[in-house]
Amino acid sequence: MIRNRNRVCGVEEIKAKRRQHERALRKARKEKQLVSKRLPRGLQGDGEDVEIRETSVTQEEIFQLYQRIQRGSDDRLAALCSLRRVLHLKEAQQIFVRFENSIRVLNGLFTSNLASVQLQAAQCLLKLSHSDDPSVSLVCLPATPYLLTYLSGQSAKFTELCLYILGNLAAENEAVRSQLLVQGVIQALSVCLQVSHLMELWWRLRLICCHKCCRRRKQERRSSFLEASLTPRLIRLLDLDSEFGMQTTVECAWCLHYIVSSGVSSECMISQGLISQAVKLLIALGRTVDSGTTDGVELLIYPVARCLGNLIASDEQLWCKRQFHDSDLLQALSVFLRGFLQSRPFVTRECLWLLNNLSAGDRQFCSAILCHNLVPVFLQLIPFSGGINTLVLMLLGNVAELGLEYCEKLQQQTGLFPALCSTLSTADPEAARMTLEVLNLIFSYCQQACARFANQNGILALEMVQYHSNDEVRVRANFLMDRYFADQDV
Amino acid sequence: MRSDEAAGRPAEQAHWAAGRCALGCCRWWEETGVSPSRPDPVRPGLVVLEPAVACAEGGGDGAARESELGPSPFTFRSRRIFLQKEDEFFEDGDVHRHLYLQNSITSVGEVERPKVSEFCCQIAGCSQLFDALENYEHHYNTFHRNVCSSCKRSFPSSHLLDIHILEWHDSFFQILAAKQNMYLCLVESCTEKFKAFSDRKKHMIKVHGYPSDFRFDKPKKPKCNQKNQSSHDIEMETSSCQKEANDTSCRTSTESMDYAPAETMEADSPSMSEEKSSIPKVQQRPSFSYKVPTTICFGHGSVRGFKNARKKK
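Taken in sequence, the protein lines are chains A and B.
My numbering numbers the first residue of the first sequence as 181 and each following residue consecutively.
My numbering numbers the first residue of the second sequence as 0 and each following residue consecutively.
The set of hints was computed from the structure by calculation and includes no laboratory data.
Hints are not guaranteed to be accurate.
[Unchecked claim] Here chain A is said to cover these stretches of chain B; the calculated rule only asks that three of the stretch's residues, wherever they fall, bring their Cβ under 8 angstroms from a Cβ of chain A:
| # | region |
| --- | --- |
| 1 | 70-83 |
| 2 | 87-94 |
| 3 | 111-118 |
| 4 | 131-140 |
Just so we're clear, the structure is a prediction, and the values are computed from it rather than from any experiment.
The C-beta atom is built at its ideal place from N, Cα and C for all residues, glycine as well.
So here's chain B without its partners, still in its complex pose (with noise of 0.2 angstroms):
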């Protein structure tokens, strides 16, 4: 804007096209689209501001990202409200009073308490409530935030996220992997890199007490529902999110990355399944076992295929 002001008119009609503020910083003159740079008296019936300051203001560093980010879709002006005397905001009030007319309101009267307003998850798909902002910040950041936007698993962090990725959607992963160590320990603050998939685990085990059935440490799978993948949405991820409590048995297969609430990274993590990997199962198979009995179950994965067998909710 401030460019264009030696040019006059034409600045203020791009400012002011059809009469409406674009950048959403003053409100629209809707009859005149008198230009903002003098005050205009006050109408009646028309609430009107000084916008010269506004646009100056807001204008001024806005207008070069302007254009990249389209017209302002803010809408909001001050207006005075005049309410018709049916109207339903008036409810509460004209019952009160023809409760009172008509003796209704005694001393053992109920006093109405005022509503107070709920949290709801807006993800897509995930509509579960919260009644106080911290339990929603909460459930937002462990399940929405660090999501693989290629199989829409989530993880508690973003290092695992990271490591996720690169492990099973990096393609170039696999090609490297034969040439040098590519697998990187899970403990975020351990600098070790593995050959291989198991070696990792074992290390993990040995070194840093983890269980052998970490939920975030599953090797890729060969054979894949990823084809699905791409049509699940968070819709699948949520049907996690809303059962993690209330499942009590599980037959879950590795594939999937379970979300697993924090304290159980050191804890013993329940067995989700069997361990499978296309390493040899005798080998595999650890020798010190962490397995919780299979009728405990802290959640399932959170993708949900509908080609999976297991169904039981």
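Same shape as in the complex, but just chain A (with noise of 0.2 angstroms):
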């Protein structure tokens, strides 16, 4: 393996690049700067197929190869090889750009009528346009009409080839994607949709969704263009079955959440059955993790839960409409919630959120939280926090919300009250709030759920946070003491 032929890496190594890597990332988004540039797979970073890389160049040396190249004829192809293979250098990417007129000629072989040439050409613009310096990666924008015509062509090699550069083009910058709205990017996407899958495209679609979902407004016309053509392409891509492939499904999910989360009206979507195909794919997801493979099976689940969720959320009546049952899609949930707690408890925190979605006022779906046991689910989470164990307790407070029968049912779990009196005591006042919360729902619908509290060293708990810092906590445990526990020698 020619990448790591200088280096020997240990697994500290490794672990100490990784975390480093992951704070730049998280830095990155909170300056909505998180984007990722690829390459295709053949060129990631193992030198193409038996060539050896090129580990420095001098000026002098490209200087020969634009010259070499701008003269044209048999050479030209030889120079072109040659400069694709230092180019993958930053000092050489640098060098080149800075050449007069050098983007032009290059431009200019793209769109040259020799297969051979433009091919090499289209790599050389790859690499450019993988470049982190926007100074660099930029002077790829000339060829984007020209990359957006190719993308109808025929050879699929060179289509995915332009996938890219636009992709990592996209990726850049807002005007970047502006400036390939207007060029037409997503009608020449679609078209290319129907004729080649490729998952390359996909993503890129992510990025173009991303930015134009949030332009909607602006341009109507070309948003039910992508409702109309797009969507229905994504949702029925939407499958674990896919000829595709699981990349294939994991880009269309995102896409699909970029396009929810923007706020484009959910009808569409709904009746272009992307409910019901989310479903499915979460409860063939959970059938997976149960019969024991979790490996990279996340990559499709919070993205999906996150397009389910948001859905939900934004328009209720279509959901109460729902044709399946709830109790497959619980038992995938709960299989999510326990599988990933340990190695990706993210994971679990956005299935919890997904359950609050679909709980919220459902009588149904409460009811099936009920009877398929899934309280004590909830309560093994509650020792959790970083938002696990206050979402735990607005789904109890879902259920307790309904009345009587619910909190009869919820108040005779063993283990309820235990669980409770413990998420008192945390150190986080909202999860000691949310529990007060759910007592209160629980104690003011169902009389004997007090003494059975009282029973289990319930009354201590609250008394320990009648005098808690934080006022809210206070006021509400002052409150149920008063009210429930009044008559109680403390």
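Join the two chains, each given in its own frame, into one complex according to the hints.
Here is the structure:
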């Protein structure tokens, strides 16, 4: 492997690098700069096939290559090949783009009618577009009209290259994306979709959608085009058994998540069957995880969960008319909650959020929660902070809010009151407050719960928060104590 | 509420002041303050439940006390939450995806463990953290339960607290003690009473085998820092909680009543100080000594006075 030939990486070093990388990504996300550029698999740092990659190059060498390219005919192709080989180097990129007219020349070659020349030129453009330095990558902008045109071409490999270049450019900034939109990227992509099914396509789409949907209001025409032609396709592809593999499905899910969360009107989405597709997919994933496979599955779970969660939150009418059985979905979600808690707790957290949206005010769903004995699963999650315990408490609140029968069943669960007592005493005031809300709901509907609570040492726990430093907690604790346990001698 | 039912509308309005359920048992109707007695059609964006049951159940016996307790402070209602794609909630997932895209997820990648919530003593000023509920409960029971409201000292049992209050804060105590035996034996099951502090002390040592410097048997000091006590709040007590295991030396004055772990009641308790009292020292000094070297300290008094000479921490 050429990549690591000069380094010996210990495990610790790898971990440290990963942590560093992660910090950089978090920072980028906060600045809303979280995008990734990609290279086609064959070019991902492994070097081309068996060729040896250059490690350094001089200005003189590049200049000579450039001259050979400009001169033309036989030598041109060889020169282009050599150029391609050095263009992965930062300094080479910088040197090349500063030559006068170099980009025009490159673009010219890109549009040449000699296939081999075109291909090499495309690869050069790809390397340039992949650079992190905008002064290098943005030089590819003039080529975008051609890139879009070639998307509907017949050569798969060439189209793939064009897609990657476009994708890397779209990752640059808003201005680029706007320009692409104006140049008709969506139409070009959807034409491409019908012709071939490439994973790369999707992620580009995702980037575009990401931007595009925010500008929906200004471009009504385009958005309806999007809905009419693209989203049905995307929704159809949200299928674990898709012939195009899981990667494609993942990309699809992300596109749909961006579209849904941009506030594009959801009736359209739902009428196109998004809810049922998403639910079916989650159920299938649940079975997969249940049977033991967890590696990488989460990559598909959480974008679909986000999609579904936001869809339900934006339009509950249609959710109410759903046609599947809650129990299957619940089963799948409970598998995810348990399965990823220790390895990827954010998956657990996002699934809890989805469950909240599913259960809020929904008698049917909450009945299913009780029937299928999910409350013990929730209670097992209660010791965990980082948002998990507050979400579990919200779920319990959703169930308790529905009235007497629900509260009765809830308070009969062994382990409920001990769990609530422990959250009452946590350091997080939000968790303590939510616990008191849940207790209030249960006590107000179900009188016998008070006795049960008292029998399980609840009064002590309640007393301990009567002097809580947080106002809201204190007020609620005192209210509960006065209202339900005033006669208890503590 | 029930008695008001005959009154019709006014009762509903009373319950639904400003369109909001005063009991906190139903959700409020933001727009119209619709009467709870008839079910509302589901409106998009609003989640509605059937409040009639709720009010009857929850409001029944609570209504009478409702007026004393004031309006309910509870505000929870179930709602569906829409999250923007840039929401912080999604951060971990997004980062995970990009790590994957940029090939940073390898087989030696670390898994993230979920954080377990901690327990924090919420009494103002005492902000100790605990990792398990039992530890926190133990802490609370021993430090914050039997607390004298006048001087903020804490005691391991309510019996000792009662005796403390009686002997230290009861104005009639001294008066009555002159006439009859008022000093109770500290052992709960023993019903003996004594005329004087020293008598009780002797009794405790002779009959019950208590040490002479039993931590919870201190006479009230005539010169009191009591005037500073009122300004001491639990914060003072806190410093003892936190420093309990950390101090290595002490020269404390007798007036502090220290919290002692339960086991030291029977065992030798460390000598916190010389015995001081109004009684002449010669008689007072016990003939048997249970003194523990002064370098050992099980914690300072639960109250810290700013005027307190010993400032070693």
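8 angstroms C-beta criterion, at least three residues: is the region 87-94 of chain B covered by chain A: holds (count 7)
If you look at each residue in the region 70-83 of chain B, do at least three have a Cβ nearer than 8 angstroms to any Cβ of chain A? holds (count 13)
Report holds or violated for chain A covering the region 111-118 of chain B, Cβ cut-off 8 angstroms, minimum 3 residues. holds (count 8)
Coverage of the region 131-140 of chain B by chain A (three or more Cβ within 8 angstroms): holds (count 5)
When each numbered hint is compared with the structure, no violation occurs for any of them.
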